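**Student:** As you go down the protein sequences, you meet chains G and Y in turn. In terms of the UniProt record's numbering, the first sequence has 111 at position 111, counting the first letter as 1, and numbering is strictly consecutive. In terms of the UniProt record's numbering, the second sequence has 495 at position 495, counting the first letter as 1, and numbering is strictly consecutive.
It cannot be assumed that every hint is accurate.
Stated by the list, open to error - 30 Å max Cα-Cα, derived DSBU-like pairs, lysine-lysine:
| no. | chain 1 | residue 1 | chain 2 | residue 2 |
| --- | --- | --- | --- | --- |
| 1 | Y | Lys290 | G | Lys28 |
| 2 | Y | Lys290 | G | Lys88 |
| 3 | Y | Lys669 | Y | Lys721 |
| 4 | Y | Lys669 | G | Lys85 |
| 5 | G | Lys85 | Y | Lys622 |
| 6 | Y | Lys721 | G | Lys82 |
| 7 | G | Lys82 | Y | Lys299 |
| 8 | Y | Lys669 | G | Lys82 |
Just so you know, these hints were derived from the structure itself, not from any lab. Quick caveat, the model's predicted, so the values are computed rather than measured.
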Amino acid sequence: MARSTSKDAQALFNSLRSAYAATPTSLKIIDLYVGFAVFTALIQVVYMAIVGSFPFNSFLSGVLSCVGTAVLAVCLRIQVNKENKEFKDLPPERAFADFVLCNLVLHLVIMNFLG
Amino acid sequence: MADPENAKEATTLRYAFGNVLSFFILLLIGVLAFWIRLFSVIKYESVIHEFDPYFNYRVTQFLTKNGIYDFWNWFDDRTWYPLGRVIGGTVYPGLTLTAGTIWWILNSLNIPLSVETVCVFTAPIFSAFASWATYLLTKEVKGAGAGLTAAALLAMVPSYISRSVAGSYDNEAVAIFALIFTFYLYIKTLNTGSLFYATLNALAYFYMVCSWGGYTFIINLIPMHVLLCIVTGRYSSRLYIAYAPLVVLGTLLAALVPVVGFNAVMTSEHFASFLVFIIIHVVAFVYYIKGILSPKMFKVAVTLVVSVGLVVCCAVMAILIALVASSPTKGWSGRSLSLLDPTYASKYIPIIASVSEHQPPTWPSYFMDINVLAFLVPAGIIACFLPLSDASSFVVLYIVTSVYFSGVMVRLMLVLAPAACVMSGIALSESFSVFTRSIKFQLHGLSGSSQVDSGDASSSTVVAQNDAGKAEKTEDTAKERPSKKSKKKEKGIVDKPSLKAKIERRLLVLPFEASIFAILLLVLLGAFYVVHCVWAAAEAYSAPSIVLTSYSHDGGLHVFDDFREAYAWLSHNTEVDDKVASWWDYGYQTTAMANRTVIVDNNTWNNTHIATVGTAMSSPEKAAWEIFNSLDVKYVLVVFGGLVGYPSDDINKFLWMVRIGGGVFPHIKEPDYLRDGQYRIDSQATPTMLNCLMYKLSYYRFVETDGRGFDRVRQTEIGKKNFKLTHFEEVFTTHHWMVRIYKLKPPRNRIRGKTKKPRSKTSSTTRTKRSAATKRNPWH
Chain G
1 MARSTSKDAQ
11 ALFNSLRSAY
21 AATPTSLKII
31 DLYVGFAVFT
41 ALIQVVYMAI
51 VGSFPFNSFL
61 SGVLSCVGTA
71 VLAVCLRIQV
81 NKENKEFKDL
91 PPERAFADFV
101 LCNLVLHLVI
111 MNFLG
Chain Y
1 MADPENAKEA
11 TTLRYAFGNV
21 LSFFILLLIG
31 VLAFWIRLFS
41 VIKYESVIHE
51 FDPYFNYRVT
61 QFLTKNGIYD
71 FWNWFDDRTW
81 YPLGRVIGGT
91 VYPGLTLTAG
101 TIWWILNSLN
111 IPLSVETVCV
121 FTAPIFSAFA
131 SWATYLLTKE
141 VKGAGAGLTA
151 AALLAMVPSY
161 ISRSVAGSYD
171 NEAVAIFALI
181 FTFYLYIKTL
191 NTGSLFYATL
201 NALAYFYMVC
211 SWGGYTFIIN
221 LIPMHVLLCI
231 VTGRYSSRLY
241 IAYAPLVVLG
251 TLLAALVPVV
261 GFNAVMTSEH
271 FASFLVFIII
281 HVVAFVYYIK
291 GILSPKMFKV
301 AVTLVVSVGL
311 VVCCAVMAIL
321 IALVASSPTK
331 GWSGRSLSLL
341 DPTYASKYIP
351 IIASVSEHQP
361 PTWPSYFMDI
371 NVLAFLVPAG
381 IIACFLPLSD
391 ASSFVVLYIV
401 TSVYFSGVMV
411 RLMLVLAPAA
421 CVMSGIALSE
431 SFSVFTRSIK
441 FQLHGLSGSS
451 QVDSGDASSS
461 TVVAQNDAGK
471 AEKTEDTAKE
481 RPSKKSKKKE
491 KGIVDKPSLK
501 AKIERRLLVL
511 PFEASIFAIL
521 LLVLLGAFYV
531 VHCVWAAAEA
541 YSAPSIVLTS
551 YSHDGGLHVF
561 DDFREAYAWL
571 SHNTEVDDKV
581 ASWWDYGYQT
591 TAMANRTVIV
601 DNNTWNNTHI
611 ATVGTAMSSP
621 EKAAWEIFNS
631 LDVKYVLVVF
641 GGLVGYPSDD
651 INKFLWMVRI
661 GGGVFPHIKE
671 PDYLRDGQYR
681 IDSQATPTML
691 NCLMYKLSYY
701 RFVETDGRGF
711 DRVRQTEIGK
721 KNFKLTHFEE
731 VFTTHHWMVR
741 IYKLKPPRNR
751 IRGKTKKPRS
761 KTSSTTRTKR
771 SAATKRNPWH
């Protein structure tokens with residue numbers, strides 16, 4: 001039972017890796033950026049757990065800026081992905097411009113809230 | 001072959017004409033929304049109404065005089081003496097900032113409107129914007145015809161008029177516009193999947209958070225809708241784009257507003273959005289994995305993840321639930337709990353229960369406030385299901401939740417009004433389109449499905465025969481929707497016109513005369529609605545409540561301006577630093593118009609302070625004098641309606657003072673003031689009632705007016721008629737005895753008769769004796 005599950009797990013892992021290797025490089029860059037943002041957020045949470053949460057607004061703005069850029073990058077990836085049927089009429093430049101605008105608003109708010 | 005080209009040209013021409021016509025209709029709707037709210041300005045004067053708007057007006061005055069930095073950091077010491085109030089941190093700044101900006105823009109253009117004028121007319125202007133926002137919202141859900149109908153309905157709906165009439169300068173005036181606009185941008189993002197609209201959505205949500213505490217409705221409704229879409233299998237990447245940026249940006253923007261601050265992440269009102277945020281990420285990830293794996297591998301992944309993930313999930317949920325359950329209110333604020341459990345406020349928070357706006361509405365008030373829409377709403381709900389889209393499921397959820405909340409509190413009928421208008425607009429538009437299509441069909445017989453397909457060239461000739469005013473809208477409806485339909489058909493299913501024609505033919509089996517008659521009936525329905533709305537706006541909701549009028553038997557108008565008379569007397573005849581005590585209803589008006597420091601006002605944030613004033617009003621004269629003296633009070637103000645029959649006076653509110661005071665100071669007991677469970681002020685009243693300060697201050701010298709002391713509101717003669725006041729002196733009574741102002745007498749210099757022993761010796765023995773017998777009175 002355990003061996004079949006571990007074999008299954010291995011097979012799953014391999015198929016996942018091969019499927020992911022097929023994605024275009026631009027999408028892989030976005031995925032890397034998302035991973036980096038989430039990792040930074042995790043580091044901030046660990047730091048807060050060690051040092052304490054004062055001042056809370058700085059902690060909130062730091063974590064939420066990381067989470068926010070991650071979410072926006074995922075949205076960009078959705079819109080730019082060529083396999084996505086819903087967005088085939090959307091030029092990728094427009095998607096990127098929207099991404100930049102939303103990030104601008106996000107970081108304006110972050111700067112204000114950082115304190 | 002020339003025929004389709006001509007038809008196409010005619011289509012674009014009709015389309016352009018339709019656009020211009022709908023633009024003018026929208027303009028007229030905005031003007032209508034503005035003008036219908038001006039009845040109070042015409043009947044009375046351009047004055048600010050009620051109580052809360054006076055506070056907002058005072059804050060706006062401060063903002064325009066001192067600028068935004070002073071406003072943001074303002075600590076107000078003229079209210080809640082001696083506590084004061086941090087205005088910058090406890091007020092929702094949206095309304096005052098909006099009015100302040102409008103005033104500043106107008107003044108910089110050299111249009112010298114006063115702050116009061118801007119404040120009075122802010123609400124009608126924003127109701128025009130709200131009806132345009134309703135047009136946009138309903139256009140996204142069903143189409144432009146439904147949009148125009150819904151906008152026209154919202155411009156006039158009495159529930160919205162009641163809170164946005166000219167002079168009602170309250171948060172809801174701009175908040176309803178922000179609410180509808182936020183919902184429109186959410187639906188637009190959901191329909192188009194564009195991140196640009198998602199950004200705008202977050203900014204509109206920010207404006208809503210600035211304006212009203214009801215923003216928690218949005219931040220709970222949208223996650224509920226997202227969850228509904230996920231559960232019913234309507235997950236798409238547009239849903240992710242519509243929801244996820246809104247949560248992150250929205251939380252941050254909400255935390256920027258000082259009133260909300262860290263509540264945006266710490267109170268239970270927001271937890272639903274975070275929970276659904278996590279859920280939508282899980283779902284998105286699952287769909288992504290499903291997309292890149294083969295089905296067999298996906299099954300393996302599912303079994304693996306479910307077994308591991310379920311354990312982790314349960315552990316996290318257990319921790320969260322333990323955290324939330326450990327706080328006594330489960331993390332919800334008192335106001336939200338009173339919404340979820342309607343009996344909560346009456347059991348635990350008498351202040352919230354005592355406000356008349358927080359009572360549940362009666363059935364007739366639904367018909368009064370949304371009239372005809374009350375039975376058009378179910379038709380609209382059915383129309384939303386054919387076909388069901390993301391947007392129409394959202395509107396259905398909106399109306400269901402708002403109907404529930406409007407059943408809890410009368411005040412929230414206001415949130416029901418836009419939903420009811422949207423639904424009714426959809427219902428009316430759908431029914432008009434069915435009738436007009438069947439008329440068109442009957443007139444052309446069964447000649448050719450192509451004419452039904454393109455629809456527009458024939459529609460103009462048919463519909464031009466109708467000549468009622470509403471028919472303009474049906475013409476527009478018939479043009480807009482078939483033109484949209486034809487565009488969609490050209491793009492997509494070009495090879496199935498015959499099937500479509502067959503389906504359409506099956507729909508339009510209504511007889512010709514029945515359709516004409518039905519359209520006439522619908523127009524008549526609309527006419528009744530308009531008549532009711534204009535009546536409600538003119539008669540029911542335009543009273544400024546600071547000026548009262550009545551008609552005498554010979555038809556003359558009699559004006560009661562006692563409130564302003566009293567405040568003017570206060571501002572001219574007392575020192576600037578004198579403190580005035582009254583019940584909390586009149587606090588805002590006293591600070592705004594009389595410019596004197598008050599003890600409690602309508603913000604009701606400190607229950608103990610209000611209970612102190614309530615106890616003082618319920619105590620005998622000497623005890624009340626002690627309490628007021630400890631608060632540095634110089635003047636006491638009571639409102640008395642017994643001479644003219646004004647029913648909202650302090651004697652009618654007195655039992656609430658007893659309840660609230662008794663809630664904090666147990667020596668005040670409500671049964672002491674009731675005779676056999678009945679509240680009386682005549683000769684059968686209890687001695688505690690006849691000796692309390694409120695009775696004495698209301699009825700002092702009342703017997704001099706007609707010889708017998710007949711109270712017109714309570715319809716009896718008063719119990720104690722001739723008495724003197726020992727610790728207070730009357731300094732002013734207004735023309736109709738509606739406001740009476742008393743001054744605290746200073747303590748005597750010499751004590752005649754028995755001298756008092758030094759307090760320390762006797763008080764200890766008397767205190768122990770008294771505490772054994774009765775509950776301790778903290779001021780003795």
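**Student:** Take the hints in turn and mark each one as holding or not.
**Tutor:** Do the hints match the structure? See the list:
no., hint, verdict
1, Lys290/Y <-> Lys28/G, "holds, 18 Å"
2, Lys290/Y <-> Lys88/G, "holds, 20 Å"
3, Lys669/Y <-> Lys721/Y, "holds, 25 Å"
4, Lys669/Y <-> Lys85/G, "violated, 71 Å"
5, Lys85/G <-> Lys622/Y, "violated, 81 Å"
6, Lys721/Y <-> Lys82/G, "violated, 89 Å"
7, Lys82/G <-> Lys299/Y, "holds, 26 Å"
8, Lys669/Y <-> Lys82/G, "violated, 74 Å"
Going down the numbered hints, you'll see the structure goes against 4, 5, 6 and 8, while the others check out.
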